[in-house]
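Undergrad: Which chain is which? The protein sequence lines are V and A, in order.
Oh and the first sequence: position 346 is 579 in our numbering, straight run, nothing missing.
Oh and the second sequence: position 282 is 515 in our numbering, straight run, nothing missing.
Each hint should be verified, as a subset may be incorrect.
Which copy? The list can't say, so a pair holds if one copy fits it or any two copies do.
Each computed DSS-like pair below joins lysine-lysine, with the alpha-carbon atoms no more than 30 Å apart [stated by the list, open to error]:
1. Lys-253 - Lys-630
2. Lys-517 - Lys-592
3. Lys-356 - Lys-550
4. Lys-356 - Lys-467
Please keep in mind that the hints were generated in silico from the structure rather than gathered at the bench.
Number of protein chains: 2
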Amino acid sequence: MEKLILIICDGLGDIPVNGKTPLQAARKPHIDALARDGECGLMHVFGMGIIPGSDTAHLQLLGYDPFLFYKGRGVFEALGAGIALGEGDVAFRSNFGTVDGRMNVTDRRAGRISTEEARELGKSLRGMKIDGAEVIFRQTVEHRGVLVLKGKGLSPNISDTDPHDGGPLLKARPLDKTREAKRTADILNKFTMLSNKILSAHPLNSKRKKEGTPPANIVLARGASVFERAPTIKGLYGISAACVAGGALYKGVGKYIGMDVLDVKGATGTKDTNLFSKAKAAEKALKNHDLVFLHIKATDSFGHDGDFKGRVGMIEKIDRIMPILRKTGAHIILTADHSTPVALKKHSFHPVPILAYGKLVRGDNVKKFDEIECAMGGIGHIEGRELMPLILSLLGKAKMFGT
Amino acid sequence: MEKLILIICDGLGDIPVNGKTPLQAARKPHIDALARDGECGLMHVFGMGIIPGSDTAHLQLLGYDPFLFYKGRGVFEALGAGIALGEGDVAFRSNFGTVDGRMNVTDRRAGRISTEEARELGKSLRGMKIDGAEVIFRQTVEHRGVLVLKGKGLSPNISDTDPHDGGPLLKARPLDKTREAKRTADILNKFTMLSNKILSAHPLNSKRKKEGTPPANIVLARGASVFERAPTIKGLYGISAACVAGGALYKGVGKYIGMDVLDVKGATGTKDTNLFSKAKAAEKALKNHDLVFLHIKATDSFGHDGDFKGRVGMIEKIDRIMPILRKTGAHIILTADHSTPVALKKHSFHPVPILAYGKLVRGDNVKKFDEIECAMGGIGHIEGRELMPLILSLLGKAKMFGT
Numbered sequence: 234m235e236k237l238i239l240i241i242c243d244g245l246g247d248i249p250v251n252g253k254t255p256l257q258a259a260r261k262p263h264i265d266a267l268a269r270d271g272e273c274g275l276m277h278v279f280g281m282g283i284i285p286g287s288d289t290a291h292l293q294l295l296g297y298d299p300f301l302f303y304k305g306r307g308v309f310e311a312l313g314a315g316i317a318l319g320e321g322d323v324a325f326r327s328n329f330g331t332v333d334g335r336m337n338v339t340d341r342r343a344g345r346i347s348t349e350e351a352r353e354l355g356k357s358l359r360g361m362k363i364d365g366a367e368v369i370f371r372q373t374v375e376h377r378g379v380l381v382l383k384g385k386g387l388s389p390n391i392s393d394t395d396p397h398d399g400g401p402l403l404k405a406r407p408l409d410k411t412r413e414a415k416r417t418a419d420i421l422n423k424f425t426m427l428s429n430k431i432l433s434a435h436p437l438n439s440k441r442k443k444e445g446t447p448p449a450n451i452v453l454a455r456g457a458s459v460f461e462r463a464p465t466i467k468g469l470y471g472i473s474a475a476c477v478a479g480g481a482l483y484k485g486v487g488k489y490i491g492m493d494v495l496d497v498k499g500a501t502g503t504k505d506t507n508l509f510s511k512a513k514a515a516e517k518a519l520k521n522h523d524l525v526f527l528h529i530k531a532t533d534s535f536g537h538d539g540d541f542k543g544r545v546g547m548i549e550k551i552d553r554i555m556p557i558l559r560k561t562g563a564h565i566i567l568t569a570d571h572s573t574p575v576a577l578k579k580h581s582f583h584p585v586p587i588l589a590y591g592k593l594v595r596g597d598n599v600k601k602f603d604e605i606e607c608a609m610g611g612i613g614h615i616e617g618r619e620l621m622p623l624i625l626s627l628l629g630k631a632k633m634f635g636t
Numbered sequence: 234m235e236k237l238i239l240i241i242c243d244g245l246g247d248i249p250v251n252g253k254t255p256l257q258a259a260r261k262p263h264i265d266a267l268a269r270d271g272e273c274g275l276m277h278v279f280g281m282g283i284i285p286g287s288d289t290a291h292l293q294l295l296g297y298d299p300f301l302f303y304k305g306r307g308v309f310e311a312l313g314a315g316i317a318l319g320e321g322d323v324a325f326r327s328n329f330g331t332v333d334g335r336m337n338v339t340d341r342r343a344g345r346i347s348t349e350e351a352r353e354l355g356k357s358l359r360g361m362k363i364d365g366a367e368v369i370f371r372q373t374v375e376h377r378g379v380l381v382l383k384g385k386g387l388s389p390n391i392s393d394t395d396p397h398d399g400g401p402l403l404k405a406r407p408l409d410k411t412r413e414a415k416r417t418a419d420i421l422n423k424f425t426m427l428s429n430k431i432l433s434a435h436p437l438n439s440k441r442k443k444e445g446t447p448p449a450n451i452v453l454a455r456g457a458s459v460f461e462r463a464p465t466i467k468g469l470y471g472i473s474a475a476c477v478a479g480g481a482l483y484k485g486v487g488k489y490i491g492m493d494v495l496d497v498k499g500a501t502g503t504k505d506t507n508l509f510s511k512a513k514a515a516e517k518a519l520k521n522h523d524l525v526f527l528h529i530k531a532t533d534s535f536g537h538d539g540d541f542k543g544r545v546g547m548i549e550k551i552d553r554i555m556p557i558l559r560k561t562g563a564h565i566i567l568t569a570d571h572s573t574p575v576a577l578k579k580h581s582f583h584p585v586p587i588l589a590y591g592k593l594v595r596g597d598n599v600k601k602f603d604e605i606e607c608a609m610g611g612i613g614h615i616e617g618r619e620l621m622p623l624i625l626s627l628l629g630k631a632k633m634f635g636t
């Protein structure tokens, strides 16, 4: 039985700064050894000229066409935050924010409130039911959270309450003429006002006011998306899979496609994540799964911050867990969901490097894993939709056509 | 605001003669510097095994699927010759030819009559109206011209009057049972006989007869095509574009898609074209356009002539304008619409080399721009439909899918 570890280093692709990309600048002997002993290539996740989002890209790379399976980011965030979703539930990405007396959003991140305080405030919003729908708010990291409306007769076709660029709090509006959209917008508006009432009265906010920090006195919602059950990766591709990730989005994608999403201590989805702990969890998960999806978020964060040195350092950290993964004897694929060049501080169109290593990998002349060398690799220049077929091939599950 | 110069060297792709392609044989330090500092690849304009025509290839490369937008070459030639077309007008490529007394076409190029003499003859065909349709003939280069029927109730679905391989003058026939096709064929036949009558009586033809050169005593038409307005490149892709070209076809394609087609002194579309004048025009056009399409025809002409040395010389001429273009700071893409190998003297299936240079280009290991080195480049092996997405990416206009 072949096994495979799929490592997605978020946003890893880059362009040179002073002649070198972070991958070229990093000392990464173990990753380069995998490149030397394996095979490399470049991958356009969606094809030339399309900048991949993280959510859609992960679906694509895991063999789920986002044109069929992508309903918006909210459901993935909600699943990743551990909320069990049922068919037709509507999920939003949400924030604690600050409004003034006239309902102007003066800070849509409530002064980047700490996770600890935000969690405390979140408790006061538990156990709500509005117009027959269950309303679940769950705080995740700092000011961030997810909001879920559960029940029948809901619609994701409504507008945001989050004004994004500041200004007055928005009223959710139905975006079509259905009763469901009208009802969902009403419920969201009622919840929003209720959140303001409850949070304004919270002692922690009185304390924040006294300290001169913006009170987290409202929950803002954006990006309504509906949950529809997807076929499991086991059902669709015949492989059992585990997910080792810190970020809620990635855990949510894993849960959405029926992976076993592991709870890994120290996997935070941030720059101080514990990679050794994640590698150990992956190693263990290989025992009873064909595929382990190992997600590392921080490479992307350093890209968004324009931090070349930080990105190099993160790559070198990733390099240090490779011996653990290589020793498992599993196939390894190392790649990214998109490029986030340090010089651009945002997702870009540039294809991502990809590396495959293991028993069934033929090999090529590439000796270093970076964007320049990978262009000449044996995997060639592929598209994201080809990744799952490659995974299945290395797992010994490619299908024969003809005789 | 990013800018881009798209240089299409017509027919540039080749295969080796005595071990080298013209691109490999040419001394072209500036182009090679762009390759070294940029990224290369190979491009099948329509995919493996399809030999691109110049008209269809240009549409494809400029982001206009020829299966939707190609109605025949006549309309592009007519637009390029400066004729304003309206919806439903029918355009033909046409030639001055020579017929004998029994209407046999004895020379379908009228002894390759000079541009000067042909232009003089063309004047005698001005201001015609037949059966309610305006008939416009415009001479272009030597024996060549375009013929346009303007008005309502016309159809392109008629056969040619040009017998192509000699023989009797053909009668245009309707190719379907519509009244429009019948009427259009009638008008074309009437014009053809009228052209014979007028041209036969022209003093210049009497002079030619006396000199023993074939009289240009008829206008032959082929390839009826209908004009239908296309969305502009600004509307379709959000980019403003200028066209710097000599050949009528390329100016016509530019006009068809709403480019500003510049009138550049010395841009002839022939081997003696003034490349410096074109480069200067491109440099200037960058000031108020996102994209400048710079077309160079002569590379193709040398290929059709089987002239290896001439082709090498032309490439070296092109090399000398690169410093002007590079200094603009714009992105540069250098490629071709098809291969016209010297050894074959005609369009071939071989993919064309492509080079991209500029701020957002990642780079690769290719150090020389030729068909062999480009195979290992970072752009990879792409298809023509990917060129516009690449252009949009380099212009900073790639779209994000997901979040």
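Undergrad: All hints are to be evaluated individually against the structure, with a verdict given for each.
TA: Tested hints:
In the homo-oligomer, the alpha carbons of Lys-253 and Lys-630 lie at most 30 Å apart only across protomers (25 Å), although the nearest pairing inside one protomer, at 38 Å, exceeds that limit. In the homo-oligomer, the alpha carbons of Lys-517 and Lys-592 lie at most 30 Å apart inside one protomer (20 Å), although the nearest pairing across protomers, at 45 Å, exceeds that limit. For a Cα distance limit of 30 Å, the shortest separation of Lys-356 from Lys-550 qualifies neither inside one copy, at 36 Å, nor across copies, at 74 Å. When the C-alpha separation of Lys-356 and Lys-467 is checked against a cutoff of 30 Å, the pair qualifies neither within a copy, at 36 Å, nor between copies, at 52 Å.
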